[in-house]
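**Q** Sequence:
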Amino acid sequence: MERLQKVIAHAGIASRRKAEELILEGKVSVNGSVVKELGVKVGSSDKISVNGVPLEREEPVYFLLYKPRGVISSVSDDKGRKVVTDYFAHIEQRIYPVGRLDYDTSGVLLLTNDGEFANLLMHPSSEVEKVYVAKIKGIPSKEKLRSLEKGIRLEDGKTAPAKVKLISFDKKAETSIVELTIHEGRNRQVRRMFEAIGHPVMKLKRERYGTLTLHGLNAGEAKELTPHEVKQLRVLAMKKKNK
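The sequence shown maps to residues 1 to 243 in this note's numbering.
Rather than coming from a laboratory, the hints here were simulated on the basis of the structure.
There's no promise every hint is true.
Stated by the list, open to error - Only pairs whose alpha carbons sit at most 27 Å apart, straight line, appear in this in silico DSS-like list of lysine-lysine: (1) K203 with K82; (2) K205 with K163; (3) K135 with K158; (4) K172 with K203; (5) K158 with K205; (6) K135 with K82; (7) K47 with K6; (8) K41 with K231; (9) K137 with K172; (10) K27 with K47.
Throw the hints in and build the complete structure from the sequences for me.
**A** Okay, here's the thing in structure tokens:
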């Protein structure tokens with residue numbers, strides 16, 4: 001038996017918080033009876049409807065995709081461009097990306113049909129670390145790298161403290177390779193952070209998401225997460241959230 005709002009979130013219809021609102025608003029029924037109280041638990045044989053539409057329950061699935069450059073982090077695109085779910089045409093479940101990576105950014109991207117899990121990871125309070133490796137124009141000074149570590153002011157506010165490591169630089173080509181670890185997920189955040197210190201990103205890759213890496217995968221390849229990997233991420237997110 002599971003709480004009703006959790007089942008709705010797992011179905012990908014809404015976040016757990018939104019599912020609770022739907023229940024309180026009387027928009028959810030179980031076995032034909034409207035439920036308006038939180039805490040109701042349901043089993044696999046119970047028939048649930050949201051806004052009059054029967055809920056189709058799916059077993060939760062979790063995947064890691066090595067997203068290539070030139071792919072949209074979405075389930076569809078009105079311009080006909082390739083999207084991340086194109087790599088999962090053989091999967092019956094209706095999966096969607098957890099957060100997003102820019103069109104020109106490659107690397108670790110999670111996909112799932114577990115709405116509660118997705119919202120837990122994307123919530124700002126979870127502080128799941130994301131490690132990026134960027135090739136940037138120019139060679140940044142120690143002062144500029146330190147400003148990234150302390151947090152830098154962008155148009156949508158100051159960024160949280162980050163971890164920064166200068167991996168290498170090429171004086172002749174005037175380029176550098178920098179590793180940046182953040183836990184926020186603002187739109188184009190990494191690119192904007194480097195632009196703010198005068199070193200635009202030429203190439204960007206997300207190497208790690210929480211405990212997950214790209215080890216053993218080539219661009220465009222994916223793997224299903226093990227129950228242990230899913231649990232590790234969940235525990236990591238909850239640990240930060242409950243601090």
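**Q** If a hint holds in the structure, say so; if it doesn't, say that too.
**A** Hints versus structure:
1. K203 with K82: This hinted pair holds, its Cα atoms lying about 19 Å apart.
2. K205 with K163: Holds, because 16 Å separates the two Cα atoms, which is no more than 27 Å.
3. K135 with K158: Status holds; Cα separation ~23 Å.
4. K172 with K203: holds (18 Å)
5. K158 with K205: holds (23 Å)
6. K135 with K82: With a Cα-Cα distance of about 24 Å, the restraint between K135 and K82 holds, given a limit of 27 Å.
7. K47 with K6: Holds: K47 and K6 sit about 15 Å apart, inside 27 Å.
8. K41 with K231: holds (22 Å)
9. K137 with K172: Roughly 12 Å between the alpha carbons, so the hint for K137 and K172 holds.
10. K27 with K47: OK: K27 and K47 at ~14 Å, within 27 Å.
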